[in-house]
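Line order of the protein sequences matches chains W and Z. First residue of the first sequence? That's 1 in our numbering, and the numbers climb one at a time after it. First residue of the second sequence? That's 609 in our numbering, and the numbers climb one at a time after it.
Treat the hints as calculated values from the structure; they're not laboratory data. Take the hints with a grain of salt, since some may be wrong.
[Claimed, not checked] Distance condition first, Cα-Cα at most 27 Å in a straight line; then the derived DSS-like pairs of lysine-lysine:
(1) Z/Lys769 - Z/Lys638
(2) Z/Lys769 - W/Lys80
(3) Z/Lys862 - W/Lys45
(4) W/Lys80 - Z/Lys665
[Unchecked claim] From chain Z, some residues computed to sit far from chain W (all C-beta separations above 10 Å):
(5) Arg614
(6) Leu618
(7) Pro648
(8) Leu687
(9) Pro693
(10) Gly714
(11) Glu748
(12) Thr811
(13) Asp820
(14) Lys848
(15) Pro868
(16) Gly872
(17) Gly877
(18) Trp879
[Stated by the list, open to error] Not the full set, but computed from the structure, chain Z residues with beta-carbon under 7 Å of chain W:
(19) Ala810
(20) Ala813
(21) Arg825
(22) Gly853
Every residue, glycine too, gets a C-beta built ideally from N, C-alpha and C.
Okay, here's what each chain looks like letter by letter:
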Amino acid sequence: MPASLSERLIAATFRVINRWKVWYRLPFPLAVGNLVGLRVDLRWKNLFDTETAPAELTSPADFDIRTCRTADGSFNDLAKPWMGAVNTRFARNAPLPQTFGETPPGLYEPNPRVISRDLLARDKFIPAETVNLLLAAWLQFMVHDWLSHGVNDKTSPPMRIPVPPGDDWPKPEITVLRTCPDGQRGPADDGRPPTFRNTATHWWDGSQMYGSDLKVQCRVRSGPVGLLPDGKLYLDATGHLPLDPDPGDGDPEQEYAAVNGNWWIGLSSMHTLFTREHNAIVDRLRLEYPDKDGEWFFQKARLINAALIVKIHATEWTPALLQSPELQFAMRGSWWGVLGEAYFKAFGRPLHSELFSGIPNSPQEQFAAPYAMTEEFTAVYRLHSLIPDDYSFRRHTDNKELLACTLADLFGGGTTRVHRQVQFEDVLYSFGTSYPGALVLHNFPTHLRKLPENIDQGIMTDLASTDILRDRERGVPRYCAFRRILRMSVPKSFEELTDNPTWQKELAAVYGDVERVDLLTGALAETKPPGFAISDIAFRIFILMAGRRLKSDRFLTDDFTPEVYTPAGIDWVEQNGMREVLLRHAPALKGALADVRNCFFPWPKAGD
Amino acid sequence: MARHIRVPGLVDVVLVTDAEEIRALDEERKLDRRFVPRGPPVNRLIVGRIRRWFQIKGQPLPSLAPRGDAVRAERQCALAAELDPAGGRALWTAAQLHRLTAFVRGGGSRDDAAVAIQEIVGRQFYPDYEADQGSWKASEMIDRFREGFSPVQILWLITGKLRRARNLLVRRAREDRWAMHGTAIGMHGILHALERMRDLRATPAAASVDEDTAVGRCLAPPTQVPRTVEDALSTPVTAKQLRPGTVVLLQIGKPDSYAPGGEGVFMHGHWNACPAQAFVIALLRAVWRGSSGARSA
């Protein structure tokens with residue numbers, strides 16, 4: 001259904017206003033209206049489908065697709081059952097003709113290693129002091145739910161970044177494997193830009209915990225003696241994730257999760273927390289519905305757990321990241337509507353209206369294109385600067401340091417070793433009382449710029465260079481081009497891009513022409529809206545895709561009902577939040593969280 | 609879902625932008641290009657314009673001929689073979705190509721490039737086809753007339769300017785419907801692509817844009833193509849059943865929403881595929897290739 005007349009009027013009005021004034025410089029009510037207008041515009045002008053011959057699926061005979069999420073994400077949209085399923089294509093936020101990947105020599109210009117070294121490298125940790133480190137861990141936990149480009153292409157010649165003279169990189173070039181190409185292109189794709197497939201389901205369905213296929217799903221539900229009959233996910237006797245019997249990098253202490261790539265303590269904590277939450281939901285459902293079987297408990301608990309994660313992201317995580325009154329209102333409004341949480345608690349959701357009662361239980365809509373994660377969304381979620389290099393694990397009772405280590409100590413099996421030395425609640429406390437890195441230039445983690453990808457073969461990775469190169473490879477428009485695509489004002493000089501005079505000179509030295517600035521660099525350099533931890537350009541994609549992940553999903557719209565979730569399930573989602581989850585599985589944190597308004601804000605330290 | 613604009617007794621038009629819906633409607637046999645005047649007045653006006661201005665001796669131009677037109681279908685196949693560079697025939701001269709590459713490099717005027725394109729296209733049909741500023745301006749007027757309604761068009765009609773422009777093009781095309789389509793309508797797609805190429809060539813990234821990418825980025829389909837409903841049609845694209853005479857505009861080239869590639873731009877694989885696909889792509893590739901090097905002052 002095209003945008004309604006009122007929506008088009010709002011969007012058109014603010015398009016005119018925004019020629020003179022950007023949305024965050026308007027008074028509160030107008031700024032909120034402007035956000036509504038922006039979202040309408042983005043929904044109808046920045047969603048592009050890349051599928052040409054989607055698979056024709058038949059509904060599984062032994063599975064209730066109406067009331068449960070399939071393992072592979074199919075049959076969420078009943079009219080287009082392939083939509084959002086694993087191995088469907090990434091869509092785009094940029095018009096397709098503008099998404100052809102870059103090729104040499106432009107692919108390497110300016111040299112990504114020079115950008116990494118001269119603009120991104122962390123000289124000194126710059127903290128983001130308005131949020132805590134759980135925010136960074138949560139983000140990665142979410143990204144693993146939404147998207148993965150899978151294992152890189154080992155058959156094509158890799159991309160080769162020449163290492164500039166005087167650089168301390170140990171080899172003359174940095175090799176970067178290409179993104180795994182789409183192996184299912186057909187004649188209808190001739191002349192079209194390259195496409196890539198998502199190896200996770202596109203939906204916000206907890207697939208990082210539950211897997212994107214039945215095999216993995218069975219594995220996370222299985223203990224040493226097979227599938228758990230009670231519908232729970234397997235945790236070991238200490239309440240931690242089991243070790244991976246077949247670790248990808250050969251580390252025998254690597255924990256197992258449905259998605260356990262790029263594993264570190266932050267990711268492990270989130271997985272552990274929400275695996276425990278799944279099991280708690282099963283226990284609650286068993287009390288209410290004692291005659292149901294384990295499969296039913298599993299499927300319902302998955303639905304409920306995934307919806308709770310969505311709610312926490314929309315009403316707690318995002319407002320922590322975007323601390324402006326307008327965004328607090330708008331993001332919480334996406335769950336409770338403009339009538340607000342208090343009205344919801346008193347009267348429920350009387351209207352099936354996104355505007356008044358929030359997206360849950362409003363009608364499912366796909367807007368300009370079938371639902372899929374986009375390459376541009378992937379690009380603006382490159383937020384590695386959030387990760388610190390140094391960590392201090394402290395006891396929640398007295399803030400005494402238990403363990404000091406670097407990021408390198410926390411990768412893969414290092415996580416298990418930390419869990420042995422530090423109690424789970426102390427890990428969470430340490431994250432809650434630590435700052436992530438600020439999303440600015442010169443704050444890319446040092447460890448991630450010299451990452452041992454395959455230490456045995458002497459292969460190293462500079463993730464900062466790789467981030468730059470990936471966007472170019474996948475045809476993500478550069479910063480100025482992308483601003484045009486989003487109908488934003490475009491800087492004509494480095495002085496207009498950032499008000500930091502040092503950065504202006506540094507950017508000019510590396511790029512020469514402001515039009516050549518990469519999306520990642522521009523987003524880190526640009527002057528941010530007041531209270532924002534991220535750039536305005538990333539924010540535009542956030543407000544488009546954040547709402548879309550809910551609005552396109554049948555289980556978060558039409559079927560967010562007691563009939564599908566059970567009354568106990570809907571209550572669980574509506575009555576709980578991050579605080580309740582943390583306290584349920586780490587009750588010792590009650591004191592630490594006593595004065596915390598949002599669990600992603602910095603927690604007070606014990607003894608303060 | 610498509611936008612249905614219906615005011616009883618005045619207008620009944622459907623605008624379709626979704627690629628999947630366009631694909632489905634393009635194959636729908638109850639939608640065709642017969643353009644029988646019926647329905648409300650605005651529909652009759654739209655259809656009347658098509659029938660009056662885009663025909664030669666009562667026969668519609670090929671891009672507006674019905675799917676069942678056997679002559680159209682046959683000529684479409686033959687033309688696709690004739691215009692295929694793989695056939696070995698020289699489709700343009702070095703001098704003609706030079707005029708286009710000079711334009712993309714930043715030299716020359718749009719009008720000069722347009723005349724060169726019209727000449728290249730016209731000579732696919734008649735080796736002595738003559739293009740000049742007059743025939744180009746006539747073609748430009750026909751294209752603007754085709755794109756929509758405007759008050760200035762009434763002036764063109766009253767003063768006979770439009771009629772003279774059309775007559776000139778028909779004469780130059782020797783009353784050949786296919787030559788007329790190419791030189792009056794089809795050529796504009798190439799010109800617009802060259803204009804985008806000129807902009808692309810001016811960017812710092814131009815050196816690393818290969819031919820395929822340049823063509824993909826620059827070549828766009830026509831904004832919209834018309835159809836009329838021949839028989840009552842129920843379709844998921846609209847909430848209500850469509851009546852005979854409803855005008856359906858398939859907006860295949862809505863700015864920033866089309867997909868590059870054979871199907872998106874040329875309707876490749878469909879009954880109404882453009883036979884000039886291989887020719888246009890080869891020409892644009894050659895222009896991009898030839899325009900590399902120093903930019904004109």
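Comparing the hints with the structure gives:
1. Restraint check for Z/Lys769 and Z/Lys638: not satisfied, since their Cα atoms lie roughly 36 Å apart, outside the 27 Å limit.
2. This hinted pair does not check out: Z/Lys769 and W/Lys80 have alpha carbons roughly 51 Å apart, beyond 27 Å.
3. Pair hint Z/Lys862 plus W/Lys45 holds up; C-alpha atoms about 11 Å apart against a cutoff of 27 Å.
4. About 47 Å separates the Cα atoms of W/Lys80 and Z/Lys665, which puts this hinted pair outside 27 Å; it is violated.
5. Distance to chain W confirms Z/Arg614 as a non-interface residue, since its nearest Cβ pair spans about 14 Å, more than 10 Å.
6. At the 10 Å boundary, the C-beta of Z/Leu618 stays outside the reach of chain W, the nearest C-beta of that chain being 18 Å off.
7. Here Z/Pro648 stays apart from chain W, with its beta-carbon at least about 22 Å from theirs, past the 10 Å limit.
8. Non-interface call for Z/Leu687 relative to chain W: holds, since the shortest CB-CB distance, roughly 20 Å, exceeds 10 Å.
9. No Cβ of chain W comes within 10 Å of the Cβ of Z/Pro693; the nearest lies about 16 Å off, and the non-interface call holds.
10. No Cβ of chain W comes within 10 Å of the Cβ of Z/Gly714; the nearest lies about 17 Å off, and the non-interface call holds.
11. Interface exclusion of Z/Glu748 from chain W stands, the closest Cβ pair being 24 Å apart, more than 10 Å.
12. Not every beta carbon of chain W lies more than 10 Å from that of Z/Thr811, the smallest distance being close to 7 Å; the non-interface claim is violated.
13. For Z/Asp820, the non-interface assignment is contradicted: its Cβ lies about 7 Å from the closest Cβ of chain W, within the 10 Å cut-off.
14. With a least beta-carbon separation of about 14 Å from chain W, Z/Lys848 lies farther than 10 Å from that chain, consistent with its non-interface assignment.
15. Distance check on Z/Pro868: its Cβ comes as close as 5 Å (rounded) to a Cβ of chain W, failing to clear the 10 Å threshold; non-interface status is violated.
16. Z/Gly872, annotated as away from the interface, has a beta carbon of chain W within 10 Å; the closest lies near 7 Å.
17. Chain W draws Z/Gly877 into its interface by the beta-carbon criterion, the shortest separation being 7 Å against a cut-off of 10 Å.
18. Distance check on Z/Trp879: its Cβ is at least 16 Å (rounded) from any Cβ of chain W, clearing the 10 Å threshold; non-interface status holds.
19. Restraint check, Z/Ala810 versus chain W: the minimum CB separation of about 11 Å is more than 7 Å; hint violated.
20. Given hint, Z/Ala813 at the interface with chain W, holds; its Cβ is 5 Å from that chain's nearest Cβ, closer than 7 Å.
21. Annotation: Z/Arg825 was flagged as interfacial toward chain W, and the flag holds, the nearest CB pair being 5 Å apart, inside 7 Å.
22. Among the interface hints, the one on Z/Gly853 is violated; its C-beta lies about 23 Å from the nearest C-beta in chain W, farther than the 7 Å criterion.
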